[in-house]
Amino acid sequence: ALNMKRRQVCTVPKSADSSPKEEGGDGHDASGGVRLARTIGFATGVNVLVGSMVGSGIFVSPGGVLRFVGGDPSSALLVWAGCGLLSLLGALCYAELGAAVPTTGGEYAYVRRAFGAPLAFLFAWTSVALLRPAMNSAVALTFAEYVLRPLFHGCPAPPAIVKCLAIASLLVVGILNCVSMKWAMRALDVLTLLKMLALAIVSVGGLVLLASGRTHNPLGSFAGAPPSPAQIGESFYQGLWAYGGWNALNYATEELKDVHKNITRCIVVAVPLVTAFYVLVNISYMTVLTPKEIISSAAVAVTWGDRVLGSFSWIVPLSVAVSTFGSLNCSAFVMGRLNYAAAREGHALPLLAMLSVRHQTPTPAVAFSTLLSVAFVLPTDLIMLTNYFGFVTWLLVGLNCAGLLVLRYREPDLRRPYRVS
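First residue of the sequence shown: 1, per the UniProt record's numbering; consecutive thereafter.
Worth double-checking, as some hints may not be accurate.
[What the hints assert, rightly or not] Pairwise CB distance ranges (calculated):
no.	residue 1	residue 2	range
1	Asp258	Ser421	38 to 44 Å
2	Ala276	Gly398	23 to 29 Å
3	Val204	Leu378	24 to 30 Å
4	Leu378	Leu405	18 to 24 Å
5	Ala375	Arg415	51 to 57 Å
6	Leu207	Val179	39 to 45 Å
7	Arg265	Trp314	34 to 40 Å
8	Trp394	Trp125	42 to 48 Å
9	Leu309	Ala81	24 to 30 Å
Treat the hints as calculated values from the structure; they're not laboratory data. Keep in mind it's a predicted model, so treat the numbers as computed, not measured. We treat Cβ as the ideally placed atom computed from N, Cα and C, and that holds for glycine.
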């Protein structure tokens, strides 16, 4: 039994701080050891980013953005565009870091390189044990609620059923990412395509109504007081939640083909694409619904579907469920790589640094992150916790951007295939 186990998993030695070589696309390094295989091309890389960014946020959070700008549609659209610009700027900073330090683990690897092992250890365990499991479980609960919504005809589903379905969804994506990187990426491609189709339906539906003049809510009709700086800041916080995930590809740079070129290419395609869709979707919402209806709706997309699609309104909650399930798949992929990278550097259990020889996936790391996410489904105040964790997440993004400046000062000769001007 022991020999069989040794054939199935292999401990990977600590990575050097230098960039990993491009060879190893077959999952083995020059010495014959097991490595993560370079299987992610440009198209799949774009899908990883789009799939991570587009979750439930665009279907739920427009009401929060509009509320904090005082109900002004034009200001809300500017906030959504501004959130996209901020996300692109942050992603470009991460593109420089990813091209200069192309090791699995993303932000963990950059913090370790810029600020040393103690802060990297703190970052790893904050993310591994708290932030990402809590957020992942919140997405799973959202998925379960939207799957069950049509079955209960507008009534809230029993919490026990919601939690059981959320746990089942976490286990499904966890097992998928453990047993086959190939099928996990295929599922990601299909789910991302379905997400974009759902956004296209909402966008085109609203634009058709706007062009035909069938709207009672002209975008320029607002006559209230302009929002205060504090309100604008809060609205940006609400909007940025929907853009979260633009750093997902940085966690898999050892699996990205031609990493020095593709990481930047994927970012400059994916983030503007998502931004354009988000603005169009919000225009559609504002064309069909009044500001008061958007602000009071717990799920703006569902309200839009009831108004526009009629008997086909069930498509919208199904689309939200598909979108959140795709985000779960991307999150399982990212969390496994973070756990694996931390363990490889001695900052987590050695078991998590093992790779499956058969599947070339960080199976123990993915399984560990899946079980943590399942544990976070159980508390009842999870949404409140994730609101606080969202603030901490952006603090960590700021830490990594500061690390970019530290590396420029400390290591001016470090090879940087891409550099943010």
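(request) Hint by hint, work out which the structure violates, then give me just those numbers in ascending order. (result) Of the numbered hints given earlier, those the structure breaks are 1, 3, 4, 5, 8, listed in rising order.
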